[in-house]
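Trainee: Those sequence lines, one after another, are chains H and U.
Each step along the first sequence adds one to the number in my numbering, with nothing skipped, and position 10 is 10.
Each step along the second sequence adds one to the number in my numbering, with nothing skipped, and position 111 is 111.
It is worth saying that the hints were derived from the structure and are not from the lab.
Note that the structure is predicted; figures quoted are calculated from it, not measured.
Where is the CB? At the ideal position from N, CA and C, for every residue including glycine.
Keep in mind that a hint or two might mislead.
Calculated pairs, BS3-like style, for lysine-lysine (alpha carbon to alpha carbon, straight line, at most 30 Å) [as the list claims (entries may be wrong)]:
(1) Lys-3(U) - Lys-19(H)
(2) Lys-67(H) - Lys-69(U)
(3) Lys-67(H) - Lys-9(H)
(4) Lys-99(U) - Lys-40(H)
(5) Lys-19(H) - Lys-69(U)
(6) Lys-69(U) - Lys-52(H)
(7) Lys-69(U) - Lys-9(H)
Chain H is faced by these chain U residues, among others (derived, beta-carbon under 10 Å) [what the hints assert, rightly or not]:
(8) Ala-17
(9) Pro-21
(10) Asn-23
(11) Tyr-36
(12) Pro-44
(13) Tyr-46
(14) Val-85
(15) Thr-97
(16) Lys-99
(17) Gln-104
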Amino acid sequence: DTAVSQTPKYLVTQMGNDKSIKCEQNLGHDTMYWYKQDSKKFLKIMFSYNNKELIINETVPNRFSPKSPDKAHLNLHINSLELGDSAVYFCASRGGSTDTQYFGPGTRLTVL
Amino acid sequence: DAKTTQPPSMDCAEGRAANLPCNHSTISGNEYVYWYRQIHSQGPQYIIHGLKNNETNEMASLIITEDRKSSTLILPHATLRDTAVYYCIVRVSSSNTGKLIFGQGTTLQVKP
């Protein structure tokens, strides 16, 4: 079983559209994250939720809105997509004896 | 900004030990050193972490200097599958957010 899963794996869309990326973890962790990796491979945190409560918002534009319906899910909705939003988005959850983060396989978003 | 500095790239011969250095001269007393790696197009993967003692697990060994200002990740017998970007990160293990601040990392190329 995949610990942290994301859907879709690839997402190609036009500028101005609205899209969502879903993330689910089956590890029983309380904390989940969204990271963005741009074309230069720089990996940067965007959001974090702990037990459905937002605890990190790293100056991400309002067009990005995370939603956590329960602690096993953290979805990312993006409005009015722009070219600069093209990137790979990684979901992660945190917990376990090593208090570390487990990452999903990533969603490659391409905005045309 | 990342609080660590790493060489941008390194090569290693297959079967030999790979020693990846990391400087973290401003590390605080309650900050741990974490190592992750990212194999091409995959999500980052936890390798090992430590506070001040040397650590070893099934993947690698972590050597932390006595003053804690630098550390070395050792892959004892590198294989081609160890080719990846390796990230050294410092953070407080028990922090509420637990966010990871990724730097540029070291691209390790294992050659036959």
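Trainee: All hints, please: hold or fail.
Mentor: Hints versus structure:
Distance check on the hinted pair: Lys-3(U) and Lys-19(H) sit about 34 Å apart at the alpha-carbon level, beyond 30 Å; violated. Between Lys-67(H) and Lys-69(U) the alpha-carbon distance is near 39 Å, which puts this suggested pair outside the 30 Å criterion. Under the criterion of a C-alpha separation no larger than 30 Å, the hint pairing Lys-67(H) with Lys-9(H) is consistent with the structure, at around 19 Å. Only pairs whose Cα atoms come within 30 Å are accepted, and Lys-99(U) paired with Lys-40(H) is accepted, the gap being roughly 21 Å.
For the hint linking Lys-19(H) to Lys-69(U), the alpha-carbon distance of about 44 Å lies beyond 30 Å, and the restraint is violated. Taking the CA atoms of Lys-69(U) and Lys-52(H), the gap is about 37 Å. The hint is violated against a cut of 30 Å. Between Lys-69(U) and Lys-9(H) the alpha-carbon distance is near 39 Å, which puts this suggested pair outside the 30 Å criterion. Hint status for Ala-17(U): violated, given a least beta-carbon distance of 23 Å to chain H, over 10 Å.
For the restraint placing Pro-21(U) at the interface with chain H, the shortest Cβ-Cβ distance is roughly 20 Å, beyond the 10 Å limit, so the hint is violated. With its C-beta approaching chain H no nearer than about 19 Å, Asn-23(U) sits outside the 10 Å limit, and its interface hint is violated. The interface hint given for Tyr-36(U) is met, as the beta carbon of that residue sits about 8 Å from the closest beta carbon of chain H, less than 10 Å. Here the hint on Pro-44(U) is kept, as its CB sits about 5 Å from the closest CB of chain H, short of 10 Å.
About 4 Å separates the beta-carbon of Tyr-46(U) from the nearest beta-carbon of chain H, less than 10 Å, and the hint is met. For Val-85(U), the shortest C-beta to C-beta distance to chain H is roughly 7 Å, which falls under 10 Å, so the interface hint holds. Interface hint status for Thr-97(U): upheld, as the beta-carbon distance to the closest one in chain H is roughly 5 Å, under 10 Å. A least Cβ separation of about 5 Å between Lys-99(U) and chain H falls short of the 10 Å threshold, and the interface hint therefore holds.
With 10 Å as the threshold, the beta carbon of Gln-104(U) comes within range of chain H, its nearest partner Cβ sitting at about 7 Å, so the hint holds.
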